[in-house]
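Visitor: In case you want the letters, here they are:
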Amino acid sequence: MPEDLNQKMSQFLDNELDHADALLLLQKMQSQPELQDKMNRYEAVSHALKTDVFLAVRSDFSAKIHQHIRQEAFHLLPQRKSYKRTYKLMALAASVAIVTVIVDRSLEPPFNAASTLQVANTQLPEPYPLNKRINDYLQAHNNSVYTNGEADFQPLGRVTAYSDK
Amino acid sequence: MSSHSRNSEQLDENLVLRVQQGDKAAFDLLVIKYQHKIIQLVNRYVKDPSEAQDVAQETFIKAYRALGDFRGDSAFYTWLYRIAINTAKNYLVSRARRSSNYQVDIQDAEAIENAPQLQGMDTPERLLLNQEIIDTIKTAIDQLPEEMRTAIMLREFEGMSYEEIAVAMDCPVGTVRSRLFRAREAIDIKLNPLLEHGDS
Amino acid sequence: MTVVNYFFLVLFASIGLASAGEPELDARQVVVKMNHAMEVLNYQGTVAFLRNGKLEPMKYVHAAENGIEQERLTSLNSPLREIIRGAGQVSCLFKETQQTLVDHRPFERSFLVDVPKKLDDIDATYQLERVGEENVAMLPSYVIAIRPKDNARYPRKIWIEKQRFLPLKAVVYDNSGVPLEQMVFTEIEVKDALPFVDVQRLDADYPARHIHQAQPQSSDQAAFVASELPKGFKEIFFTRKPMHDAGQPVDHLVLSDGFTLVSIYMENKTAAMPSGLQSIGAVNSYSRTLDNYQLTVMGVAPAETVKLIAEGIKLRDARE
Numbered sequence: 001m002p003e004d005l006n007q008k009m010s011q012f013l014d015n016e017l018d019h020a021d022a023l024l025l026l027q028k029m030q031s032q033p034e035l036q037d038k039m040n041r042y043e044a045v046s047h048a049l050k051t052d053v054f055l056a057v058r059s060d061f062s063a064k065i066h067q068h069i070r071q072e073a074f075h076l077l078p079q080r081k082s083y084k085r086t087y088k089l090m091a092l093a094a095s096v097a098i099v100t101v102i103v104d105r106s107l108e109p110p111f112n113a114a115s116t117l118q119v120a121n122t123q124l125p126e127p128y129p130l131n132k133r134i135n136d137y138l139q140a141h142n143n144s145v146y147t148n149g150e151a152d153f154q155p156l157g158r159v160t161a162y163s164d165k
Numbered sequence: 166m167s168s169h170s171r172n173s174e175q176l177d178e179n180l181v182l183r184v185q186q187g188d189k190a191a192f193d194l195l196v197i198k199y200q201h202k203i204i205q206l207v208n209r210y211v212k213d214p215s216e217a218q219d220v221a222q223e224t225f226i227k228a229y230r231a232l233g234d235f236r237g238d239s240a241f242y243t244w245l246y247r248i249a250i251n252t253a254k255n256y257l258v259s260r261a262r263r264s265s266n267y268q269v270d271i272q273d274a275e276a277i278e279n280a281p282q283l284q285g286m287d288t289p290e291r292l293l294l295n296q297e298i299i300d301t302i303k304t305a306i307d308q309l310p311e312e313m314r315t316a317i318m319l320r321e322f323e324g325m326s327y328e329e330i331a332v333a334m335d336c337p338v339g340t341v342r343s344r345l346f347r348a349r350e351a352i353d354i355k356l357n358p359l360l361e362h363g364d365s
Numbered sequence: 366m367t368v369v370n371y372f373f374l375v376l377f378a379s380i381g382l383a384s385a386g387e388p389e390l391d392a393r394q395v396v397v398k399m400n401h402a403m404e405v406l407n408y409q410g411t412v413a414f415l416r417n418g419k420l421e422p423m424k425y426v427h428a429a430e431n432g433i434e435q436e437r438l439t440s441l442n443s444p445l446r447e448i449i450r451g452a453g454q455v456s457c458l459f460k461e462t463q464q465t466l467v468d469h470r471p472f473e474r475s476f477l478v479d480v481p482k483k484l485d486d487i488d489a490t491y492q493l494e495r496v497g498e499e500n501v502a503m504l505p506s507y508v509i510a511i512r513p514k515d516n517a518r519y520p521r522k523i524w525i526e527k528q529r530f531l532p533l534k535a536v537v538y539d540n541s542g543v544p545l546e547q548m549v550f551t552e553i554e555v556k557d558a559l560p561f562v563d564v565q566r567l568d569a570d571y572p573a574r575h576i577h578q579a580q581p582q583s584s585d586q587a588a589f590v591a592s593e594l595p596k597g598f599k600e601i602f603f604t605r606k607p608m609h610d611a612g613q614p615v616d617h618l619v620l621s622d623g624f625t626l627v628s629i630y631m632e633n634k635t636a637a638m639p640s641g642l643q644s645i646g647a648v649n650s651y652s653r654t655l656d657n658y659q660l661t662v663m664g665v666a667p668a669e670t671v672k673l674i675a676e677g678i679k680l681r682d683a684r685e
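Chains as they are written, first to last, in the numbering used here: chain A, 1 to 165; chain B, 166 to 365; chain C, 366 to 685.
Excised from the complex, chain A in its bound form (with noise of 0.2 Å):
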């Protein structure tokens, strides 16, 4: 194993590679599962010297996620133009009101309880994203874009005519 990579995975464990570096490294990783698990060797040494606990992580951990992440449906948001930390909820005292009635456990169930299937062929965002496509084929299908909080589509609706002005 290049020295050089796990020099960059020892510096990634410390939170001192530059994100361009732990990108490449991490992809690295997702395709050399030793590389995999000797970070996380490292990481269970960082943690043993502090807790006389050592913690192996199972090899075939993050491929059974991987697994299971491949029946789960896509997500297909509108791309955000600007990735939001201070970002506030603006309700009225009714909201919170509707929320203590219908956050009730008889109402509902989790987000993906209705099954969804594997797709087949899935491939990478192509020159006109896959997911906007989609997204295109939602908005024109029903209003409920406008009800549901993901209305911020603006860079998803594409214009198709301008008004007459």
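FYI, nobody ran anything at the bench for these hints, they're computed from the structure.
Predicted model only: the values in this text are computed from it and were never measured.
Treat the hints with care, as some may be off.
Claimed, not checked - Some but not every residue of chain C turned toward chain A, in silico, with C-beta under 7 Å:
id : residue
1  : 457
2  : 460
3  : 617
4  : 626
5  : 661
To be verified - Here are the simulated PhoX-like cross-link-like pairs (lysine-lysine), alpha carbons at most 20 Å apart as the crow flies:
id : chain 1 : residue 1 : chain 2 : residue 2
6  : B       : 303       : A       : 38
7  : B       : 202       : B       : 227
8  : A       : 50        : B       : 202
9  : A       : 38        : B       : 202
10 : A       : 38        : B       : 227
Said to hold, decoys possible - Pair by pair, the computed Cβ-Cβ distance ranges are:
id : chain 1 : residue 1 : chain 2 : residue 2 : range
11 : B       : 182       : C       : 390       : 49 to 59 Å
12 : A       : 5         : C       : 681       : 54 to 64 Å
13 : B       : 239       : C       : 654       : 40 to 50 Å
Every residue, glycine too, gets a C-beta built ideally from N, C-alpha and C.
Given chain A's structure and the hints, the job is docking chains B and C onto it.
Guide: Showing chains B and C alone in chain A's frame:
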């Protein structure tokens, strides 16, 4: 838990956005990044490394499903940790229900973060192996050259950044980087054979 | 007979007569009254939409006068927006950016619940049943179950207020009884009159973008025919319009069985589209290629239904 640098948060933001746009592979990278930390966190509650991994897997799956709702109000890792804690607590409740002799109070679950963690290692073999691993690690550290030992102690026990260690040891940051990496390598060389032969 | 006994006899008799004069309403009658009330009454309140695990509370207003109706929704959470439906279009004003989106949707009637006006049309596919009474928003309501007669569509319930027959709650369930989508009022009041918003003025004050503006066309113009439709599904709207980017025409056919809307999209095939089944929350969609075209069928309907419809689509030229 060490503080997350801006680099780390930026990486998380990038990956989360990609997942939210349909890139499932980006979620795999988040799993790789946080798998050990989440297992550590969950193990503080469930006190069993094997069960901790099951609960940690469930945490990631829940996080994937809920990622559509994640709006960046908090850092991703904070949000993920909340899911892990809730999943662990729910697991404790269901475990308590399954075993009438296992009394657990959920309020206690929060208060016992620092309690001894070996409760789940209930087989003699597991206890022995764990002890052997810990001894190996400590011996490996004792046998390190002093500058490497100092660097790893300052990093792991004091949580100092590379810059701070460089100041403390009066050396360049690059030297700190190298010393830490070589210390970890030295420990790993001694540890790996034990893990390959031991009970994983 | 004593005077007291005679008095009670008369009393009970009059009660009996009074009761006999107010027959119990069956499910169909309640729903008919609801359709009428929704159109003609002026009412407002706070409604919450629960969909895909998200709760979206909104202020709701329905104004009606001389046969003209307008629905208005005002979000309580970000993104702050005001949504107005009337005259076949939905205008959405984003308050934070002061931009308006105008979406032309002539085939929908309400944000709350769409129930067919002609209930005879759904007799073959749904059974309406009064299954109880409950309070919603502290108002006594009839609970109406809308049960499909097959598995090609989802069951629903509507809670209809007993005095004015407005819908207070509506739930769509999947075939195992798990709620998929919900609408519920937490408070509602009927008024003599409510103001209309001048949508033209809205369009003039804020830069507006129009989408889905193509006029409805005859479905004979579609490049395809849906030859396998579950019972009760009829074509209600067709248009060919640019989507995704300005140069990409897409055929969009909307089918409905009275409650369940299904959309069929056909466009030129691109490398990006996956095939097969996919779920986006409560919406199931099925995509496949047909010669040089990409088809997608989607709706809040069982996966088997969208798949059946998709697999039954044929190109119009090749159809026998």
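Visitor: Indicate, hint by hint, whether the structure satisfies it.
Guide: Hints versus structure:
1. Among the interface hints, the one on residue 457 of chain C holds; its C-beta lies about 6 Å from the nearest C-beta in chain A, closer than the 7 Å criterion.
2. About 10 Å separates the beta-carbon of residue 460 of chain C from the nearest beta-carbon of chain A, more than 7 Å, and the hint is not met.
3. Against a cut-off of 7 Å between C-beta atoms, the interface hint on residue 617 of chain C holds, since the closest Cβ of chain A lies about 6 Å away.
4. This hint holds: residue 626 of chain C has a C-beta 6 Å from the nearest C-beta of chain A, less than the 7 Å allowed.
5. A least Cβ separation of about 6 Å between residue 661 of chain C and chain A falls short of the 7 Å threshold, and the interface hint therefore holds.
6. Our distance criterion of 20 Å between C-alpha atoms is met by residue 303 of chain B and residue 38 of chain A, whose separation comes to about 18 Å.
7. Only pairs whose Cα atoms come within 20 Å are accepted, and residue 202 of chain B paired with residue 227 of chain B is accepted, the gap being roughly 16 Å.
8. A C-alpha spacing of about 13 Å is found between residue 50 of chain A and residue 202 of chain B, which places the hinted pair at or below 20 Å, so the restraint holds.
9. Note on residue 38 of chain A and residue 202 of chain B: the hinted pairing holds, with a Cα-Cα distance of about 15 Å set against a maximum of 20 Å.
10. Distance restraint check for residue 38 of chain A and residue 227 of chain B: the Cα-Cα separation of roughly 26 Å exceeds the 20 Å cut-off, and the hinted pair is therefore not satisfied.
11. Hint check: residue 182 of chain B to residue 390 of chain C, Cβ distance near 53 Å, so the stated range 49 to 59 Å holds.
12. For residue 5 of chain A paired with residue 681 of chain C, a C-beta distance near 58 Å keeps the hint of 54 to 64 Å intact.
13. In this structure, residue 239 of chain B and residue 654 of chain C meet the distance hint of 40 to 50 Å, their C-beta atoms being roughly 43 Å apart.
Figure legend: structure checked against the earlier numbered hints; hints not met, in rising order: 2, 10.
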